[in-house]
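Fit chain B to the given chain A structure using the hints.
Number of protein chains: 2
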Amino acid sequence: MQITSPHPTNPTDDLDLLDRYWRAANFLSVGQIYLLDNPLLREPLEPEHIKPRLLGHWGTTPGLNFIYAHLNRAIQAQDLDVIYVCGPGHGGPGMVANTYLEGSYSEIYPDITRDADGLRKLFRQFSFPGGIPSHAAPETPGSIHEGGELGYALVHAYGAAFDNPGLIVACVVGDGEAETGPLAASWHSNKFLNPAHDGAVLPILHLNGYKIANPTLLGRMSDAELKCLFEGYGYEPLFVEGSEPAAMHRQMADALDVALASIRSIQQNARQPDATVERPRWPMIVLRSPKGWTGPKEVDGLKVEGFWRAHQVPIANPRGKPEHLALLEAWMKSYQPETLFDAQGRLVPELQALAPKGARRMGANPHANGGLLKRELKLPDYRGFAVEVTSPGKTIAEATRELGKFLREVITLNADNRNFRIMGPDETASNRLDAVFDVTERVWMEGIEPYDVHLAHDGRVMEVLSEHLCQGWLEGYLLTGRHGLFSCYEAFIHIVDSMFNQHAKWLKVSRELPWRRPIASLNYLLTSHVWRQDHNGFSHQDPGFVDLVANKKADIVRIYFPPDANTLLWIADHCLRTYNRINVIVAGKQPAPQWLSMKDAATHCDAGIGIWSWAGTEPADEEPDVVMACAGDVPTLETLAAVDLLRKDLPDLKIRVVNVVDLMTLQPRSEHPHGLSDRDFDSLFTADKPVIFAYHGYPYLIHRLTYSRTNHAGMHVRGFIEEGTTTTPFDMVVLNELDRFHLAIEAIERVPGLSVSAAHVKQKFRDALIEHARYIRAHGEDMPEIRDWVWPNSSGGTTPAQAGD
Amino acid sequence: MQITSPHPTNPTDDLDLLDRYWRAANFLSVGQIYLLDNPLLREPLEPEHIKPRLLGHWGTTPGLNFIYAHLNRAIQAQDLDVIYVCGPGHGGPGMVANTYLEGSYSEIYPDITRDADGLRKLFRQFSFPGGIPSHAAPETPGSIHEGGELGYALVHAYGAAFDNPGLIVACVVGDGEAETGPLAASWHSNKFLNPAHDGAVLPILHLNGYKIANPTLLGRMSDAELKCLFEGYGYEPLFVEGSEPAAMHRQMADALDVALASIRSIQQNARQPDATVERPRWPMIVLRSPKGWTGPKEVDGLKVEGFWRAHQVPIANPRGKPEHLALLEAWMKSYQPETLFDAQGRLVPELQALAPKGARRMGANPHANGGLLKRELKLPDYRGFAVEVTSPGKTIAEATRELGKFLREVITLNADNRNFRIMGPDETASNRLDAVFDVTERVWMEGIEPYDVHLAHDGRVMEVLSEHLCQGWLEGYLLTGRHGLFSCYEAFIHIVDSMFNQHAKWLKVSRELPWRRPIASLNYLLTSHVWRQDHNGFSHQDPGFVDLVANKKADIVRIYFPPDANTLLWIADHCLRTYNRINVIVAGKQPAPQWLSMKDAATHCDAGIGIWSWAGTEPADEEPDVVMACAGDVPTLETLAAVDLLRKDLPDLKIRVVNVVDLMTLQPRSEHPHGLSDRDFDSLFTADKPVIFAYHGYPYLIHRLTYSRTNHAGMHVRGFIEEGTTTTPFDMVVLNELDRFHLAIEAIERVPGLSVSAAHVKQKFRDALIEHARYIRAHGEDMPEIRDWVWPNSSGGTTPAQAGD
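Residue numbers (the working numbering), protein chains in the order written: chain A, 3 to 807; chain B, 3 to 807.
Hints were generated in silico from the structure; no laboratory data involved. Where hints are given, some of them may not hold.
One copy or two, it doesn't matter: identical chains are merged, so the pair holds either way.
To be verified - Dumping the calculated DSS-like pairs for lysine-lysine here, alpha-carbon to alpha-carbon at most 27 Å: (1) LYS650 - LYS766; (2) LYS123 - LYS510; (3) LYS601 - LYS193; (4) LYS656 - LYS691.
Chain A on its own, in the form it takes in the complex:
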């Protein structure tokens, strides 16, 4: 694109001032990496002024500072509301330097004053024990993005822009990050951004040509190929290229003005009454500048500026080598700090004047501290969506379908606030949440055909076949103060394991920072789960995400296995009310017996675990012979069916049934706030009776959660043991020995003395397994008596009667 600036006069002296501001930021960045003391170089630089360990990344930083300074100029000139997503998060010194220069840093950290003493502390704390991390992090004002693990800058930026019509999210994408898969897909987010209702994302692809030790793919591509690539993605790229600062300032100012004018024009057009909105061609900037720009050209005879050697600490040993020390001093002095800071060490007034004011400062923008802007999510009374359960097992319902009705109402209640979205990889209907489409649509900015279903330019549901995008959009949306739910096939949530890790880390640190206000929890609904992927087969069968989740800090994570629809409703309602957490709800979508009335569900979920006395056979005043425990809807069904078998064939066996909804109750209270006390645990699981535990996922997790409990040696856990294929639903549990027969057989074997006397019963169950295997191979479906089994106290499965719908 030929750049024609709509603001044709940027007086040169403005850009001269801007250049000085940039130099100040560069000076502070170098200072953070290197200096313990002598921050303004008012004395000759000595080895003892240098940190003993040099930890930080210079290479990307001058480019980040350059962009920051230019965004400041635009914000000032046009009174813009902008946040800065820094993809190359390891350029932390730049983000800290800029927020310090604009004053937002010292407001949050008053100890880091805007004078020479504050500068000294600012430098010293960076990458220093007890100080601040080397990366942009929760500690960094204005940041919603760590950038430690690369790939998510652009998807976070889009998440922040949705439903924020006044906001511009400037997003710097490094050329290293641009090689990652999630980032490569993120460019397509423009197909989901509505210029009428959403804000704008301004991607700035920062090509400095190198990563740690290699050139970058995009850095080595020609402008012609890059232009083609990004036009193909649907953008209008503006190129800013060079290394001579004055010319680069002019180019960048012009490009930014063109881009912002283009954004304004797109939004104005889309926001006309009766506008017919089509996906616009949004602008983006491709900035080619040298890696380690303005740093040393060579060190020890090797090329540094404009090469990967500038990536981290360009001058390795100024504390030990006098020539390195001299080089560092010359480098820092090249920024002319005496022209940037006054006698007290304060930024000179003409440079201070360049920074935006108040909440317009990118380090003080409330969108980047989303809890400040968060409105409570309005929730309907979940009891109004109860499935009527007059006796356990009588009603048949699809748990997620009932949840869909609740979510429909959540969408309606919050429609005006536009602060709730549901993300999913093409699975909202497949996961049976489709009641939401009664009141909203899927967002889609591409063409819509007359026969398309539930697609619109505006909608609360976002579907794309990328778990990375779903997760990243939602993170960006939550971090800027909104609410949401991510519904996903259970197996494929592993695709975002690492994104989950990073979000958990962000929350862990954020919670320790009083100035960061709480944000809404990240809520996962994992459905189409392992036990009902009988049709898609082994690749779709993996319940291990919760194992990863359980590794995280206890106050961050929750894991729920509601066994039926009413418990799912209670848990979902609860999760949507929480803050600063990651809630994982695992629930099935298939028709299944319902166990608890809403009243009983509320009591059960509130405790998180409990004895289902209606299912057991223990007398009131005696200990049971065996505890049959279960967590998860299918394990609960199989456990109850096993109890039914045992009750019929061994009527004297004293069975207790324990159901676990909140997995964290199993941990000791010292490990997790939801953990049961040992006394309560023992009262549920006994001190020494066999416990046959049917668990939804890999059995090891239960052992790990309960290893220190009194009766741990008595816990016999069955779960998914990595056996599966395309088969029948019941065969899936048989393959993993989690079915009613295996459970009943183990109960018989574990109860002392019973094994021998009940040998014939065991044999009967074994025969039933063989018969089942023969039957399904002959008929291709489960035996009717298994498929249609109902809990004996109920009078047979019926369709759900809705209490509130």
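Showing chain B alone in chain A's frame:
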């Protein structure tokens, strides 16, 4: 691109025959989804001929069949060596149908004969208990790719093509899959493919417009935008678009001929003597065809063909609804099976003649059963790379740097075979494996500048800032019979958790299929690990990958924590010799004390676990008071330092030191073939003494592995508890309470009676922790006495003396 076919005459009757072949494949695909019996519809279709549960995906299948038929034609015409990577793996019926038609299926599964009876079995077994999965899977001849979890087709294709100069990998990318991040990045793999030495990848982007319940992003993009996008990625797209079969056959045949001619021309040019190879513009095909092509146009009044309703089973209930049954019968008969199969149910000879012969059939291509082609990796004697260790702790070395020297020799020995590659996300040098650059380079097909370092068009090292690409390339490379190593920062290997899962599943099933020959193991080197990410901070600190790994089938996975260089060498040598496994090696790269001579290392690693009697203080004939166990290099260091503290201050305490290299030894033998017997376990860990276990990762894993051991209640595990930031190395272990002082204090507290008498010692250790905290906050580095601590029996750290180098 204007298509000009270099084979201008494809006689129409050829394409008519080809169309019939396609119809045969479509007929067989529908039959697999629906029919239990009456495979050739020679009787009227009855409800009892229909499967009770209809599990399969029709939508993508006709397009896959169309491509297969056209590839057959090209293979026949030009005698090509082609494998077919089927991205939409849920189009399994198509892959099965085609391998059946060409005869490769019946060769592998002789029970599925090429006649009416075989057809009946073929149909019946699909998605049927005891039969075959609904997706392309290990069971599918000619497949190296499951396609259940989407995103990896193209990266697998490139992995297969590297170092296979005669091979063409046809790779079908569905437009659903094309939305994923890994796939979006995979297009850039062309920057790593050398036309002189590698084979070709022919991507066929199959746009049928829809995923499960939505249009696709790429399907709705205009041809102009698509052309731009793929030209930007560096390809030359050829468009084939329409729905009328005859015209589509003509277009596709022409496009394929053009593409193959282009590939031939690129390769011929590159393979000239003295050719200067530049990255060529490889051809690709964009095929737009209707979803569910040739299926029912409408069902129950709703659009099906050309819409997402065709995704799975287009006619829902032919067993229950007569009008559905009639519709299905009419659909199947529309393929005119009576013209395709003879009286015995065999494909008619003129159609049989269209399929390639022998190993040219894509279902019989040996590259897709890589174990057939695999050559043993030549390995040097690892003992030649030993670090000299005359007494424990005396030598200082960097473990991965020593491994790099071994790998250098591996590369040299296998240079002629061109069957070993090292993958890494820009980290080979950072991970200190850079000795390999003595003998090879990083592959790079983009421009190379004079100042670039170790870049070349040919090389054994592949670096890209995408863990997805590294993993996917390596999988494709291994699955086609070669060898490799993936070196990665420990924290970011979580990015490929889900790819690991899928590869483990592939191996698990492959091992159960005798015709699938063993392939080389997937070897991970995880370094730059949690304890030495003190400079990058919290986002880079995550040791949880092994928790995921430990969930998988025991005979597939191995996890190793070599504590020093010689043990790392032994383990790496061992892993590179194994087959059909996933080996995870976690090892540090920082200078660290060396504990074992190569002889001792071999003994120790061979056992996988052992008592380090030189470090302990237990008398020969007495039980120890406490066992100090460790797994991982940093935990080993801290454990020995703790033992040193205890030996000095509590000389009477009887300490046993146990080091664990092979984590799987901790499991019961019933769970893992490497597991210790209970007797051996007890002899190491005692039946009842306190065990202070310093573990590299999340402590829960040790509990989970050992929960059933006699002394489990005595196991006190310390590990990473999710505390970290940018700080000093020793502070990292202190923050997680894994340091020598915490270990020593816990030992004192756990040994009965000692806690009171040794109160002053505990206090001394606590004071040391406080002093450490003060010191690092003042100085920014660890106290010299901690940093420079050496095992007391050694005479101080020295640089390594190389035995064999």
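Here is what the structure says about each hint:
| no. | hint | result |
| --- | --- | --- |
| 1 | LYS650 - LYS766 | within (12 Å within a copy, 65 Å between copies) |
| 2 | LYS123 - LYS510 | within (25 Å within a copy, 56 Å between copies) |
| 3 | LYS601 - LYS193 | neither (44 Å within a copy, 61 Å between copies) |
| 4 | LYS656 - LYS691 | within (11 Å within a copy, 37 Å between copies) |
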